[in-house]
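Model the placement of chain B on the given structure of chain A, informed by the hints.
Chain residues, written in single-letter form:
2 protein chains.
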Amino acid sequence: MAAAARKENEVIGKLERLGLSMLEEIKSEASPSFTTALRSKGNIIYDEGVGYIRLGDKTEERRFINVGQARKFMQTVAIAAKCKKFLRENSHTSIRGLYYQLKFSLGEDLDEELFSEQSESNPLVEDLEVALNVKREDLNLNTDRKGVVAGPLVLKDKFGGEETIIDCTKQGRSGWMIPSDVDNGMEFIEVDADYVLVVEKDAMWQRLNEDKFWKKENCILITPKGQASRGCRRLIRKLASRKLPVYVFTDCDAWGWYIYWAIKTGSMNLAYLGSDIATPEAKFVGVTMGDIKDYEFLGQLTINAKEVDIKRAEEMLTYDWIAHHKDWVNELKTVLKTKKKLEQDALQGPRLSFVGDYLKEKIAKRKFLA
Amino acid sequence: MAAAARKENEVIGKLERLGLSMLEEIKSEASPSFTTALRSKGNIIYDEGVGYIRLGDKTEERRFINVGQARKFMQTVAIAAKCKKFLRENSHTSIRGLYYQLKFSLGEDLDEELFSEQSESNPLVEDLEVALNVKREDLNLNTDRKGVVAGPLVLKDKFGGEETIIDCTKQGRSGWMIPSDVDNGMEFIEVDADYVLVVEKDAMWQRLNEDKFWKKENCILITPKGQASRGCRRLIRKLASRKLPVYVFTDCDAWGWYIYWAIKTGSMNLAYLGSDIATPEAKFVGVTMGDIKDYEFLGQLTINAKEVDIKRAEEMLTYDWIAHHKDWVNELKTVLKTKKKLEQDALQGPRLSFVGDYLKEKIAKRKFLA
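Protein sequences appear in the order of chains A and B. If you count the first sequence from 1, you need to add 1 to reach this note's numbering. If you count the second sequence from 1, you need to add 1 to reach this note's numbering.
Just chain A, same shape as in the assembly (with noise of 0.2 Å):
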């Protein structure tokens, strides 16, 4: 059997399961109820050990029979069976298709704002993940996709029936797609490269494409284009588990800031899926207020550090993780002492294709900030 039909069984198994058990329950007269981790800050930690941030031990049991629960029990259940059927009819919907089809079976007034794709956490798909120790993905559920690959990473994709080889060496001037799911009915078929860089923004990304960046370095060109998504996070993981070093290279700033921690540690409202999305072995490569050092030009293209910027350095400077690392510390002080910071594009300004040369200068002398 082929990994992606085992994985789904495993999951309609899973998911079996829970029902089997709420079954026995009802029969014994108990109350129907499951457990799952406790997903709030007191259970949140940062594991230093491993290196990300997951959910502690604490756990939390739902039950039907509880006045402030029954609702919210009946919805989950309901979405379990949703699950399954999208399971077993081999589709994929979004969380908001997942939402019209409990509004239509259950006729109910369900809370619309529980399933927007915009809100990053929904708690009661979260409750399932947890409870089931699966992914939304492994759910059928799609996530917002964002962020696109190239260079040599050849895989195959079996979706609506069909196979498809992606070679992300012949993508164009556009690149792949990172889709929502790459687990399921994705397969690796050749890893070829010698490390992958993770580019914040979308237009720098562009720059490096054009210039064969991935051609001549050999490696994996990703942007998450900002933030990245959960299929971006879990891409990079993976990618990392082949023994690929990963470099990360954003602005000098609280949000490139954040987007490098996200990937190498995971987040707060993600921590449920910890060792999933986290890549602790991540390094991040620039752009600092230390290059200014080596590249003495960026002196004069760093621009004003905004609020934000200074709340975050100072905030960061809190985080025992971020504490224990020499270099990030002096970064952090030198962007609260100028009160500047700098962009990653303004590594265009002698000419459009310096910033490469800056890259593999730092990657070559591995000058990381770990």
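Any given hint could turn out to be false.
Same chains, same label: a pair holds when it works inside one copy or across any pair of copies.
EDC-like, lysine to aspartate or glutamate: derived pairs with alpha carbons at most 16 Å apart [to be verified]:
no., residue 1, residue 2
1, K213, E90
2, K307, D168
3, K216, E164
4, K159, D212
5, K340, D184
6, K83, E130
7, K42, E11
8, K244, D193
No wet-lab data here; the hints were simulated from the structure. Quantities reported herein were computed from a predicted structural model and do not represent experimental measurements.
What follows is chain B alone, placed relative to chain A:
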């Protein structure tokens, strides 16, 4: 000579003539100047004859010897010089990259907000676009790209010194990502479709792509992922110019209507691109409040209209070109009366694949709002 190279030389020629005419003026001791179309509100018209928003005939002159204009004039000339260099080098960059090139060369304090990729209209670059009658994409300036395609469309992408064939029937779950520039170095090899379907939301596009809607219907399936980018609008325009009918499928709400009308008639801020990006032939296929008559279940899947939807509906009723369309007037009045709206996702209520049946039926019966 290939079409792309011809176009490039043509643009370089225009830039050179601009420079030479300024040089002539300087030699004859006149102030260097250039003429551009006035882009302020008073010169933006909806041209009922052609069916799109365009600039009127008013022009204005930019002069170097003018206290209020000297600095901006100099910056515009510097931008023209940079763009000529980019064209000669066959390299592209973003507006932000251009900003840093200027900051590096001019060494002066440029207003960085003027070069923000978020600010859709960059007045300095627009001056050049309008004065030369070219798009910024023709000046090797990349714009934000967004949107995805699947279906019977094959393109040749000449980029970074290589040629790539892009077959939009072989893009798996991801689709082909629409680039910033679909003109220079991009060639349609095969366009063997019966029509173009533009779907507002990426999630809905993925649903239809999974069901191979484009294969069953022999159509080109595009999602702009919300508001259409310049590249996406330009692609739709180019497909329409090949006599393919264009149907647009959005939510029935303020945002959905705006997306449709921007594709059809263009928009105020891009009035200067008028005929290049507007597709007056586009027809609105849904979703509409009127659909509830034919698809009764939709009645229970409406959601509350927000203030922005109500305000927008009222506003649209005051536009001449909408007030002429009886169907649109009825539709908007229904929203105002019921204070309800309808999302395209609601069509997944009875079953995930229903949305395809709906589209097939509406297109076959030509039930459009014109």
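Evaluation of the provided hints:
Taking CA atoms no more than 16 Å apart as the test, K213 paired with E90 passes between copies only; the shortest distance there is 15 Å, against 42 Å inside one copy. In this homomeric assembly, K307 and D168 never come within 16 Å of each other (Cα to Cα): the closest approach is 41 Å inside a single copy and 44 Å across copies. Taking CA atoms no more than 16 Å apart as the test, K216 paired with E164 passes between copies only; the shortest distance there is 15 Å, against 26 Å inside one copy. Taking identical chains as interchangeable, the C-alpha atoms of K159 and D212 lie at most 16 Å apart only when they sit on different chains, with a minimum of 13 Å there against 31 Å within one chain.
For a Cα distance limit of 16 Å, the shortest separation of K340 from D184 qualifies neither inside one copy, at 43 Å, nor across copies, at 42 Å. Taking CA atoms no more than 16 Å apart as the test, K83 paired with E130 passes inside one copy only; the shortest distance there is 14 Å, against 52 Å between copies. With identical chains, the CA atoms of K42 and E11 are never at most 16 Å apart, being 30 Å at best within one copy and 61 Å at best between copies. In this homomeric assembly, K244 and D193 come within 16 Å of each other (Cα to Cα) only inside a single copy, at 11 Å, whereas the closest approach across copies is 44 Å.
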